[in-house]
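Trainee: Please put together the full structure from these sequences, using the hints given.
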Amino acid sequence: MASTRTITTFAIPLIILVLATLSTMQPVRANVMTIYSNHQTWNICVASQSTSTNYLYSNAGPSSTTLWVVQVSIGLNGGDNTQYANWGFIIDPNDHASYFGAAIEWETNGGEIYGSTLSTSLDTSMYLILGINNQDSRSQCYNVLVTAMYY
Amino acid sequence: MLQCSGYGNVLLRRREMRNIALIGLAILIVASLATGILPAFAASTDPQPGYTYYVVYNQTDGSIVTAVGCPPYPAACTPILQPGQSVMYITDQPLLVKQLFADAHNAKLGNWHVNLQTHQLVSTASVNSGPISPVSGIAMISIALPALASLGVAMLGSFIWRRAHK
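Which chain is which? The protein sequence lines are A and B, in order.
Okay, so the first sequence: first residue is 1 according to the working numbering, each after it adds one.
Okay, so the second sequence: first residue is 1 according to the working numbering, each after it adds one.
Worth flagging that the hints you see were computed from the coordinates, not collected in a lab.
Misleading hints may appear alongside valid ones.
Examples of chain A residues toward chain B, derived with CB under 10 Å [as the list claims (entries may be wrong)]:
#1 37
#2 44
#3 53
#4 54
#5 56
#6 77
#7 128
#8 148
By construction, the Cβ of each residue, glycine as well, lies at the ideal position given by its N, Cα and C atoms.
Mentor: Right under this line is the structure:
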């Protein structure tokens, strides 16, 4: 009998506690991630002391409010590694969600790949614009790798 | 004595056949290398299926500002032009794409320009005679070498067949 009373003593408050916790929880909407593009690669060659600006994506994804995550990486493709370049990208021309990479000195840093990720909520479709400024005295090709997803 | 001489001939012939087989094997290895592995290395500047290729050039002198290889959908393949610039799409000219990007890969994009009269993309290097270009080197590896190797294999096969039916 004593054990039954003990169980009742602990079980009833426990049930009340669980029910109370559940009732205070707010319902949330589960957002599913959609991969818009996965590791797409551009080969962009830029003349000496010139700038190349291109739409990588245009009018992409839903036009309603959407959270975007866009990752852009850049590396040398051929040529020599004595390169000095600026690069940057924006994912919304209206709201100026942008990343401007610091000038890259491949000659001092070696042949690494540099990248950055922008995340922003857009009221419109996504437009990814990439700019590369080659400050070197010789032309240079760059590999540009992009992955984009939205929620 | 005759028996000994006959046995020696058989040994000599076996050795010859073994040498031929070894040479044949070596040629086969070279042929498979030439037709399989080497073109894969040489194909780095080849046009990629589904890609769109274009160049942006200055309208004043036809000099190339940028050459772009753009991946398939959903990528947009649209440059943002500055005043005085134009775009030329060259996807339908795969040989030109190959030569252009082979040069660009070697930091020689400056060798190319758009002829403003004919509206053609041309290489100044191809007009002048000079040392063998990287593009010709690629053609040498991807076409001539497999062809020579195949010819070698065919000749060897013919030789072995003739020896076997002597």
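Trainee: Evaluate each hint against the coordinates.
Mentor: Taking the hints in turn, this is what the structure says about them:
Below 10 Å, beta-carbon pairs count as interface contacts, and residue 37(A) has one with chain B at about 6 Å; its hint therefore holds. Interface hint status for residue 44(A): upheld, as the beta-carbon distance to the closest one in chain B is roughly 5 Å, under 10 Å. Contact between residue 53(A) and chain B, as hinted, is supported at the beta carbon level, the nearest pair being about 4 Å apart and thus within 10 Å. With 10 Å as the threshold, the beta carbon of residue 54(A) comes within range of chain B, its nearest partner Cβ sitting at about 5 Å, so the hint holds.
Of the supplied interface hints, the one on residue 56(A) holds, with its beta-carbon coming within about 6 Å of a beta-carbon of chain B, less than 10 Å. At its closest, the beta carbon of residue 77(A) sits 7 Å from a beta carbon of chain B; the interface hint therefore holds under the 10 Å criterion. Annotation: interface hint on residue 128(A) holds; nearest CB of chain B at approximately 8 Å, less than 10 Å. Interface restraint check for residue 148(A): the shortest CB-CB distance to chain B comes to about 9 Å, inside 10 Å, so the restraint holds.
Against the hints set out earlier in the document, no violation occurs for any number.
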